[in-house]
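*Asks:* Use these hints to put chain W onto chain Y, whose structure you have.
Number of protein chains: 2
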Amino acid sequence: MLVTTTIAAVRARREELARTGRRLALVPTMGALHEGHLALVRRGWELADEVWASVFVNPAQFGPAEDFASYPRDLDADRALLEREGATLLFAPSTKEIYPRPPATTLDLADLTAGLCGPHRPGHFRGVALVVAKLLNITRPHVAVFGAKDWQQAVVIRRLVEDLDMPVSVDVCPTVREQDGLARSSRNAYLSPEERRCAPVIVRALEAGARAFARGERGGHALEAILAGEVGTERSARLQYAAAVDPETLQPVDVAGRRVLLALAVHVGSTRLIDNFLVEER
Amino acid sequence: MLVTTTIAAVRARREELARTGRRLALVPTMGALHEGHLALVRRGWELADEVWASVFVNPAQFGPAEDFASYPRDLDADRALLEREGATLLFAPSTKEIYPRPPATTLDLADLTAGLCGPHRPGHFRGVALVVAKLLNITRPHVAVFGAKDWQQAVVIRRLVEDLDMPVSVDVCPTVREQDGLARSSRNAYLSPEERRCAPVIVRALEAGARAFARGERGGHALEAILAGEVGTERSARLQYAAAVDPETLQPVDVAGRRVLLALAVHVGSTRLIDNFLVEER
Chain Y
74 MLVTTTIAAV
84 RARREELART
94 GRRLALVPTM
104 GALHEGHLAL
114 VRRGWELADE
124 VWASVFVNPA
134 QFGPAEDFAS
144 YPRDLDADRA
154 LLEREGATLL
164 FAPSTKEIYP
174 RPPATTLDLA
184 DLTAGLCGPH
194 RPGHFRGVAL
204 VVAKLLNITR
214 PHVAVFGAKD
224 WQQAVVIRRL
234 VEDLDMPVSV
244 DVCPTVREQD
254 GLARSSRNAY
264 LSPEERRCAP
274 VIVRALEAGA
284 RAFARGERGG
294 HALEAILAGE
304 VGTERSARLQ
314 YAAAVDPETL
324 QPVDVAGRRV
334 LLALAVHVGS
344 TRLIDNFLVE
354 ER
Chain W
74 MLVTTTIAAV
84 RARREELART
94 GRRLALVPTM
104 GALHEGHLAL
114 VRRGWELADE
124 VWASVFVNPA
134 QFGPAEDFAS
144 YPRDLDADRA
154 LLEREGATLL
164 FAPSTKEIYP
174 RPPATTLDLA
184 DLTAGLCGPH
194 RPGHFRGVAL
204 VVAKLLNITR
214 PHVAVFGAKD
224 WQQAVVIRRL
234 VEDLDMPVSV
244 DVCPTVREQD
254 GLARSSRNAY
264 LSPEERRCAP
274 VIVRALEAGA
284 RAFARGERGG
294 HALEAILAGE
304 VGTERSARLQ
314 YAAAVDPETL
324 QPVDVAGRRV
334 LLALAVHVGS
344 TRLIDNFLVE
354 ER
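Residue numbers (the working numbering), protein chains in the order written: chain Y, 74 to 355; chain W, 74 to 355.
If we strip away everything but chain Y, and leave its shape as in the complex, we get (with noise of 0.2 Å):
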């Protein structure tokens, strides 16, 4: 596996790459691999004939007051993880490699953004439209894997493709789940043994609204009843929101079709998780 810091050197190998033919997919990542990560890059060996990942905890989609410093890093960890998985080439680089100068440009898609987790993180898509467009270009993949988990982020770099005509397809992976259902997050490892406890109640909650949804529910503000009412049900969880929406527009169903998104962001302690269930009649 090649693991470099630089975009020169991503582009040479990519050169190189293009004289054979060879399919190549990409897993852009923020580090801190974890089992979800992994299923990506065996999801890219399906896709493709070689597999790269980038590395890279992007400052833009960060709010001021959120965990941009405190982001779990470990790249020797990541490194040997993805050595096992068989990626040929690692893309580490440092901020001032993506961002040699302030971006004057923005990436703004607002109808996908004004709801969900848009209105909680302002900017947050901004900044991941703009840093994927950015690792899009300089690693010019013929797919993309994402994980389900931030279904809204996948949603917005779908379209960000098709707007742009960027020449690549963007696969979105199922959520990789611990054995209580929490799913996987490098963010899970903010959580102290009693608050990774009462973690799982995310999912409980999504598992209460698909039940409901089974049972002939398709009330919009019903269903995100049906998960609030289970979020409350542990004192340490703080639900940010709880919605259903269409799962391609991402606007909120008064009367859901045959396919809704559940979707939840929920505090608990001082770590925001989010998880999400794409519920369909049979």
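These are calculated hints, taken from the structure and not from any lab test.
Treat the hints with care, as some may be off.
Over 12 Å on every C-beta distance to chain W, these chain Y residues come out as not near it, computed from the model [claimed, not checked]:
no. : residue
1   : A105
2   : G136
3   : R146
4   : L154
5   : A285
6   : G302
Part of the chain W face toward chain Y, derived, beta carbon under 10 Å [claimed, not checked]:
no. : residue
7   : L75
8   : R84
9   : R86
10  : A91
11  : G94
12  : P173
13  : L185
14  : D236
Remember, it's a predicted structure, so these values are computed and weren't measured experimentally.
Every residue, glycine too, gets a C-beta built ideally from N, C-alpha and C.
*Replies:* Below, chain W without anything else, positioned relative to chain Y:
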């Protein structure tokens, strides 16, 4: 020359080209080609092994009160001219091909578009940035060639390409002029004979500004006043703006340094024309 209206055909041809390793130049245009455009094609041949052109009158860069409907279109003439210059592909898509649905993504370069044409053409540079990003992603040239007459556009595109790490270089060619100095523009076709006679006041104003700079005048306001004063000598010319700005940041200069961009937008009759001189110390 391959003439095509579809993204798919362009991508297929681009794949073939990639296998040859030949370098590609793109000349994006809105058609109604004149000597200025043809100079861009010739410049493309200096920079690459193959030159493609696009002709697309981009609705996203016209305001509701602007001349999208009446903008001159003559694809047969454009095709003949490009063929004569040896262009090997002409991409002339429909609006539907470029915008199959309204884009959700906004590309904004606020700092570079706050002045000059920006405030007079709200949304114009967002439309330009979006369509150029699309065209570059569809054609993936090694170099894209633009004209210096649209200086602000060139600065915006250069910065967009830098900020998004697009793998393309941006080349900017000198403005081509008529015998009497009037900058070549597709919009010159709108001018009545009488208006055409008056229009060179624009270049005379820039020449007056350049002479003042050569004499040692460095005051931004003083230079602007000289431009405006000259435009004022022609009754049918109505000044929209006269500006002395930094050529890279496009910020107004209080006191000019070694280089300054003198820029004008003038209505001659109902036709809006722009032009600029980059003046520098010897």
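*Asks:* For every hint, state whether the structure bears it out.
*Replies:* Against the structure, the hints:
| no. | hint | verdict |
| --- | --- | --- |
| 1 | A105 | holds (24 Å) |
| 2 | G136 | holds (19 Å) |
| 3 | R146 | holds (23 Å) |
| 4 | L154 | holds (26 Å) |
| 5 | A285 | holds (31 Å) |
| 6 | G302 | holds (33 Å) |
| 7 | L75 | violated (19 Å) |
| 8 | R84 | holds (7 Å) |
| 9 | R86 | violated (13 Å) |
| 10 | A91 | holds (6 Å) |
| 11 | G94 | holds (8 Å) |
| 12 | P173 | holds (9 Å) |
| 13 | L185 | holds (6 Å) |
| 14 | D236 | holds (4 Å) |
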